[in-house]
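K.L.:
Spelled out from the first residue to the last, the chains are:
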Amino acid sequence: MTDTTSPATTVVCAVERIVRESGVAALVEGRAVAVFRTHDDEIYALDNYDPFSHASVLSRGIVGTRTVEDVEVPFVASPMYKQAFDLRTGQCLDDADVRVASYAVDVRDGVIHVGAPREPR
Amino acid sequence: MPPRKRLVIVGHGMVAHRFVQSAIDRGLTQTHDIVVVGEERRAAYDRVGLTTFFEVGADALSLLPTGEYDDPRVRLLLGAEVTAIDRDARTVTFPEGELDYDELVLATGSVPFVPPIPGRELDNVFVYRTIEDLEAIREAARAGARVGAVIGGGLLGLEAANALAQLGLETHVVEMAPRLMAVQVDDVGGTTLTRHVERLGLRVHTGAMTQAVLSEEGRVTGLALQDADDVPADLVVFSAGIRPRDALARAAGLEVAERGGVLVDEQCRTSDPHVWAIGECAAPAGVMYGLVAPGYTMADVVVETIGGGERSFTGADMSTKLKLMGVDVASFGDAFATTEGALELVYSDAVTGVYKKLVITDDGQRLLGGILVGDASAYGVLRPMVASGAPLPENPEELILPASRGGSSAGASSLPDEAQICSCNDVSKGDILSHLAREEEPCDSAACVTRCTAAGSTCGSCKPVVKRLVEDYFASTGREVDRSLCEHFAMTRQELYDVVAVHGHTAFEQVLQAHGRGRGCDVCKPAVASILASQLNHHVLDEAHRTLQDTNDAYLANIQKNGTYSVMPRIAGGEVTPEKLIVLGEVARDFGLYTKITGGQRVDLLGARLEQLPAIWRRLVDAGFESGHAYGKSLRTVKSCVGSTWCRYGVQDSTSLAIMLEERYRGLRSPHKIKAGVSGCARECAEARGKDFGVIATEKGWNLYVGGNGGATPAHAQLLAQDLDTATLVRYIDRYLMYYVRTADRLQRTSTWVESLDGGLDRVREVVVDDALGLGTELEAAMERHVDTYFDEWAATLEDPDKLARFVSFVNAPDVPDPHVSFGSTRGQAEPAMPDGPVQLGATIPVGGPR
Ligand code: SRM
Ligand SMILES: Cc1cc2nc3c(=O)[nH]c(=O)nc-3n(C[C@H](O)[C@H](O)[C@H](O)COP(=O)(O)OP(=O)(O)OC[C@H]3O[C@@H](n4cnc5c(N)ncnc54)[C@H](O)[C@@H]3O)c2cc1C
Ligand code: SF4
Ligand code: FES
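As they're listed, the protein sequences go chains A and B. Counting with my numbering, you get residues 244 to 364 for the letters of the first sequence. Counting with my numbering, you get residues 48 to 898 for the letters of the second sequence.
If you're looking for bench data, these hints aren't it; they were derived computationally from the structure. As the structure is a computational prediction, the values presented were derived from the model and not from experiment. Where is the CB? At the ideal position from N, CA and C, for every residue including glycine. You may find that some hints are simply not true.
Covered by chain B, per the in silico footprint, the following chain A stretches (three or more residues, Cβ under 8 Å) [said to hold, decoys possible]: (1) 290-300; (2) 314-324.
Residues from chain A that face chain B, not an exhaustive set, calculated with beta carbons under 8 Å [as the list claims (entries may be wrong)]: (3) V255; (4) R260; (5) V267; (6) A268; (7) A275; (8) H282; (9) T308; (10) T310; (11) C335; (12) A339.
Just chain A, same shape as in the assembly:
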């Protein structure tokens, strides 16, 4: 998930620190960011803030997959009221109008770095 336009600079932790199919919260330039590791070791970062419950909790949600238009989308379910968010984009899968910010991620020497929020595509 390297995004060359905005270099990821904040060190989060070693990949190994995150149990597969779960997330951790990280502090990135004063913002709470949820960083996830999937079963195939992809690393994603979203805003930790759940816009439905107004609480900073997404990193504590259950990680899984949901099939959307025949594509298996990796997602996290908010621990509060269970809305699902696409880990790749931050798009809410239950409400087309809701999206949380997603962040640039870079893994170097087994260490995760998170950069600035990415522009929604």
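Starting from the known structure of chain A, arrange chain B with the ligands on it as the hints suggest.
P.N.:
Just chain B with the ligands, lined up with the frame of chain A:
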């Protein structure tokens, strides 16, 4: 017109009777006079139903109640034993005379085998074959016999034992083989069966060789067993197998099979072309069949052959299904997996006493056979599946999952149209489909199919299959109902539970690989975690299960609306010392927690940040507190009143009992939360009748109520047992809770669970109080294990750096609090500050389970 011929039948048992009926139906009596010579003084009767004799009497068993056939060309000579056959002269001899024959049919059946052991000739030693045998046994029981022993634990031995028990005798079954019904079922099936039999009060001795019938002064006193204690008995029944009655044929020089029985060819013709043998006395291709259905086929074959038709007997399906003392047992096809490469698929539920095994080909494509004990409802689908070689469905285990869970009838769709679905009324799958598909007023429900075809109207055992066929048909026409758990598992939660049990999975990954697709989600992960938790016993935060847990379990605390957590230590029975109360106050003060007395008689400390939880719990654990499991589906509280210690009305010490019960059941993971209450008298200040189990003190002891709750759908607990002493009370609660934990649905409170049981509260009483399943001690032992292995999840977490590592605000800044969390204050305490106004919860309140 050719001269009429005479056909003589020796024996008037079930098969001879079928022969005569068939001969009349197929017109054989137009060319032949038939004379039946039977040794028993009564006409043929239903030997298969012999055991019902004590209930219904001889008349009801008779197959020929009028004593004669409608057709005058059939003559019946009863009470006449044929003693010789002269094949050259073509005559048979019996004491009262002699008869010529053109064709002779032997239908002499078999006799019980009585092994040559000392004492077998004594009075009060019986066999179990004829109505006279049963009359004699009944006489002996009336004359004062108290204890009966049956030698032989096969199909017939168990019938005999059942009869003795019905007569009020204490009954022992002595079986040489290591298990009951050794011919039909395997070891586990035998064990399951033994349990059912013992639960009916019979004593089973397997692997026990009888050496002698013991006696004193000519009176039977018991059995001497090899390498085991004597079995006391004053009445003995031999049921150690049967031997074909082939003596008459032997004496007449007819060929007999090596292992006994009159040897016959595929037309059931003996070595003499004018002599035929059918039923249990016959051995087609050297094999003797101890069942009635093959005998009926043989009878039909001989009628057709003598009538000039072509039909042959080429062996019979030895599949058996019987209801033995109310217990279903079925064995069919290659039940012992003797086919090369055969695989076995097993479902076993000790609580309900169900054991089911499927034997399938190594490629998993076809069913070869199986064994069903305790629930043989699937037999109707499975047996035709073996016979027709129909391909197995993709998840063959569905075929043996309990019928109540929609499983056992799952294979119905793969059955060929000619498969017989209802055996009582001979209705095939094709018949049912044609009613569903017909142009005019097609059947629109299973009930309608039953009305139109009679399928399901008699014994009812085919009903699940009929229902399934109807559902499948509707599904194929677009009326589909999706019962999947989620997109990752195309089964219900209950089916998944059984699949995990059948395969013995221990991790989500295995379950997903074997039965799911994708990577799982927030629905199936906690569901599987809870299934695994009830089948294994582990810390919910162990690595393999951690990521499956819902957020409350994942942090051993309840999440609050602003992302903080509540801390709720156990306060058993609501009793707390001033010192401990002070500690709670100090902790709340030091960490700035909002403090409230809960509806469950304890203190809730709210507003703890994730990273504060370990420090808070360190203080609490050091002060002697432990987890209150407010976050888990487990025991919550046992509410108490002050009781006889203080209250002027109290008749028992309700507080002590409540504390004892709460400490006993704390930490028990269950389908839903469990709440309890104990009141010191009938004034009921502890609201015990609003709890999953409630105890109310009486002058003589305790009344136990079960199945109550408050919440969204309040229900009053109902009286289960009265005036119990404390030990009995605890035993009953142990059984009740374990029974619930093992058999309820996820998120099903006890009230709906009790309702869902077949028999409702009466069923609970049968199992818990009467111990009808014989599982009392097992359930108690399971609870004892829980009590012994209980540990405080919070204390254990504090000792484990791996688990503690997760309780940080930010992985890269563990000491920085999350800036999103802020507090205001009301009435002098903390309150979550909600920057963006109230939360939209939507129209639904997520309460309870699937029903
Ligand atoms: C704290 C407390 C309210 C209070 O301030 O008094 C409470 C709080 C919650 N209750 Fe309750 N219930 C509390 C007593 C009750 C009671 C009264 C009682 O236990 O005597 C009831 C009705 C009695 C009953 O359950 O039969 C009750 C019926 C429910 C229900 C509805 C259950 C039902 O079967 O319909 C839920 C929802 C659920 O469990 O699915 C629920 C769920 C909840 C949850 C766990 C909701 C959630 O998932 O966040 C609340 C969070 C607790 C927390 O954060 O610590 N709570 N709740 C009480 C804690 C009692 C305790 O000491 O453990
Ligand atoms: C308790 C019990 C339970 C059973 N349960 C089942 C079951 O669940 N399912 C199942 O398939 N089968 C069952 N059976 C077996 C079934 O009853 C027999 O397979 C069936 O009765 C055989 O019929 P038959 O006509 O060959 O023999 P029988 O019914 O034994 O009839 C033979 C008759 O011939 C008479 N006879 C013999 N020799 C002579 C002679 N020389 N002259 C004149 N008459 C003679 C005998 O007195 C007898 O009346 C059970 C049997 C018993 C005893
Ligand atoms: S239930 Fe009875 S004993 Fe308990 S407090 Fe109320 S009145 Fe007193
Ligand atoms: S098998 Fe259909 S009613 Fe008995």
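K.L.:
Work down the list of hints and note, for each, if the structure agrees.
P.N.:
Hint check:
1. Figure legend: the region 290-300 of chain A, annotated as covered by chain B; annotation consistent (8 residues with Cβ-Cβ distances under 8 Å, at least 3 required).
2. With 7 residues bearing a CB less than 8 Å from a CB of chain B, the region 314-324 of chain A meets the requirement of three and the coverage assertion stands.
3. With a cut of 8 Å, the hint placing V255 of chain A at the interface with chain B holds, because the nearest CB-to-CB distance is about 5 Å.
4. About 6 Å separates the beta-carbon of R260 of chain A from the nearest beta-carbon of chain B, less than 8 Å, and the hint is met.
5. A least Cβ separation of about 4 Å between V267 of chain A and chain B falls short of the 8 Å threshold, and the interface hint therefore holds.
6. The closest approach between the C-beta of A268 of chain A and any C-beta of chain B is roughly 5 Å, which is under the 8 Å cut-off, so the hint is satisfied.
7. With a least beta-carbon distance of about 6 Å to chain B, the hint placing A275 of chain A at the interface is held under the 8 Å criterion.
8. For H282 of chain A, the interface hint holds, the least distance from its beta-carbon to any beta-carbon of chain B being 6 Å, beneath 8 Å.
9. Given hint, T308 of chain A at the interface with chain B, holds; its Cβ is 4 Å from that chain's nearest Cβ, closer than 8 Å.
10. Checking T310 of chain A against chain B by beta carbon gives a least distance of about 6 Å; that is within 8 Å, so the hint holds.
11. Look at C335 of chain A: its Cβ only gets to about 14 Å from chain B, farther than 8 Å, so that hint breaks.
12. With its C-beta approaching chain B no nearer than about 16 Å, A339 of chain A sits outside the 8 Å limit, and its interface hint is violated.
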